[in-house]
Amino acid sequence: MSTPAFSAPIGTRDVLAPESARWIALLATFGEIAQRYGYGMIHTPMFEDLGVFQRMGAATDVVTKEMYDFEDKGGRRIALRPEGTASVVRAFVEHRPLVPWKAWYVTPAFRYEKPQKGRYRQHHQVGVEVLGVDDPDVDVEVIALAERYLRTLGASRYLLIINSMGDAEDRANYMEILRAYLADVRDQLAEEDREKVERNPMRVLDSKRRETMQATADAPRISDVLSAESVDRFERVQAGLRALDIEFAIDQRLVRGLDYYTHTLFEFQSTALDAAQSTIIGGGRYNGLVEALGGPETPGIGFGSGIERVLLHLDAEEAFPTPDTGVDVFVIDTTGGHHARDIAEALRDRGLSADRAWDGRSMRAQMKAADRSGAELAVIVGADEAKAGHAIVRDLRGDRGQRSVARPDLVDEVVALLAPDPQVETP
RNA sequence: GUGGCCGUAGCUCAGUUCGGUUAGAGCGCCAGGUUGUGGCCCUGGAGGUCGGGGGUUCAAGUCCCCUCGGUCACCCCA
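For the record, in the first sequence the residue sitting at position 30 is 60 according to our numbering, with numbers rising by one throughout.
Simulated from the structure, these hints should not be mistaken for lab results.
Quick caveat, the model's predicted, so the values are computed rather than measured.
Using N, Cα and C, we set each Cβ at its ideal position, and we do this for glycine too.
Check before you lean on any hint, since a few could be wrong.
[Said to hold, decoys possible] Cβ pair distances, simulated, as ranges:
| no. | residue 1 | residue 2 | range |
| --- | --- | --- | --- |
| 1 | 214 | 346 | 45 to 51 angstroms |
| 2 | 70 | 427 | 38 to 44 angstroms |
| 3 | 372 | 393 | 41 to 47 angstroms |
| 4 | 443 | 73 | 28 to 34 angstroms |
| 5 | 257 | 130 | 42 to 48 angstroms |
| 6 | 213 | 51 | 53 to 59 angstroms |
| 7 | 124 | 442 | 52 to 58 angstroms |
| 8 | 55 | 209 | 18 to 24 angstroms |
| 9 | 442 | 274 | 46 to 52 angstroms |
[To be verified] Here are the simulated lysine-lysine pairs, DSSO-like style, with alpha carbons at most 30 angstroms apart:
| no. | residue 1 | residue 2 |
| --- | --- | --- |
| 10 | 95 | 147 |
| 11 | 144 | 95 |
| 12 | 398 | 417 |
| 13 | 95 | 238 |
| 14 | 238 | 147 |
| 15 | 144 | 238 |
| 16 | 226 | 238 |
| 17 | 398 | 226 |
| 18 | 103 | 147 |
| 19 | 147 | 226 |
| 20 | 226 | 144 |
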């Protein structure tokens, strides 16, 4: 490999066509669905004051060791955003839109960590947030939107896992009880999980290490300490999901990485990918976050979904193939290129996609280029056609051959040939 | 951050064991066979600081050291 002067930074990647066509389609799908649920798109800067993200929770790895932060020339502590929610909430506090406020986004997200399969320093997420609504039915709607997204992409091998963290008080109570329990079995935990007992005991529960899983099999459950009110709202969420025929399972070990969550917590897990990258959508309710960022007491809920992750999952399912990026028509001109220039532009005027060859290449070379372009039809202008005011229209994919058409009729002819054949349906 | 594996043409890879003349293949690309027509076939061509630096040696793609990068795993997460 000749020494490249530069390459994409560690943990980042370029996405070129035709792969990028898949991204376009995925984004169009998500945007269309979000709009269908009444969400407006929000665009926020991809870096923020470090403090914005620190409010997400001091005990989380995302904040403590994976933050992609630096000092800018003005001496400000800046961080590239590690996920979408904090920025959206910051924007909400800053602009105070009317509630209920429903926003969807697509954004790059950054984590300073060593890359591996399905994990990058820059990845991309789509997501939604709803602020100002505490109704359990909105939790159901957000989950329904997420599920519709996966289904629309053609995914089917996934599970919806939900849990309830209760409110801040439930959570504090539980932490205390759990910490006491874990302290007793501390020696039986996997070495790597022991320090979590003090720092963030709930994360011990979602450890994938066998010793830890065995030692915590009988650990107290969050459901044991939930207030009657928290239990009631969790049941209403479940009832809503059942009413919409959305299958789910409750997993009391589901904790998730950010510790701003309250009440409803959910995750769509791929059953087609390894556990290390199985989360394809993660979200939940965060009723204290707006206040933490300096806003009024405002409930919120949302989810984020990694685009690369979802594409990886869709690959594993052999779903959502890369769309055809071929052009409709390729225009060949061996007389210098003026005809190609004019004809291609006239075809584009009619809404067709058209491409052509450049630099006066031979007929053969231009035909090869036409073939490669994926075009259905080639329009060919050689010396004879130019003189006669004609062009040849040639079918490159089917068996319709080619014929000469007078220039004034050319565009209509091409449009007619590309129109889908009217199917004769028998009733 | 820690560890395993891997860096040779645009791509996929031989060649490294036991150093030895101008470093190969397939695919792709370009041109010609085909003075007006793609796909198949044939012929030819372009394209490599063998990731980078240092060392050993008469001689290094090949051995040693360092370094950069990729990949996978751990931690954690999308």
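Results of checking the hints against the structure:
1. 214 x 346: 45 to 51 angstroms: violated (41 angstroms)
2. 70 x 427: 38 to 44 angstroms: holds (42 angstroms)
3. 372 x 393: 41 to 47 angstroms: violated (19 angstroms)
4. 443 x 73: 28 to 34 angstroms: Between residue 443 and residue 73, where Cβ atoms are some 44 angstroms apart, the hint is violated.
5. 257 x 130: 42 to 48 angstroms: Check failed, 25 angstroms falls outside 42 to 48 angstroms.
6. 213 x 51: 53 to 59 angstroms: The hinted range 53 to 59 angstroms holds for residue 213 and residue 51, with Cβ atoms some 54 angstroms apart.
7. 124 x 442: 52 to 58 angstroms: holds (54 angstroms)
8. 55 x 209: 18 to 24 angstroms: violated (47 angstroms)
9. 442 x 274: 46 to 52 angstroms: holds (49 angstroms)
10. 95 x 147: It holds: about 19 angstroms lies between the C-alpha atoms, which stays within 30 angstroms.
11. 144 x 95: holds (12 angstroms)
12. 398 x 417: Given that 30 angstroms is the threshold and the Cα spacing comes to 24 angstroms, the pair holds.
13. 95 x 238: Roughly 20 angstroms between the alpha carbons, so the hint for residue 95 and residue 238 holds.
14. 238 x 147: holds (18 angstroms)
15. 144 x 238: holds (20 angstroms)
16. 226 x 238: holds (14 angstroms)
17. 398 x 226: Violated, because 62 angstroms separates the two Cα atoms, which is more than 30 angstroms.
18. 103 x 147: It is violated: about 34 angstroms lies between the C-alpha atoms, which goes past 30 angstroms.
19. 147 x 226: holds (25 angstroms)
20. 226 x 144: holds (22 angstroms)
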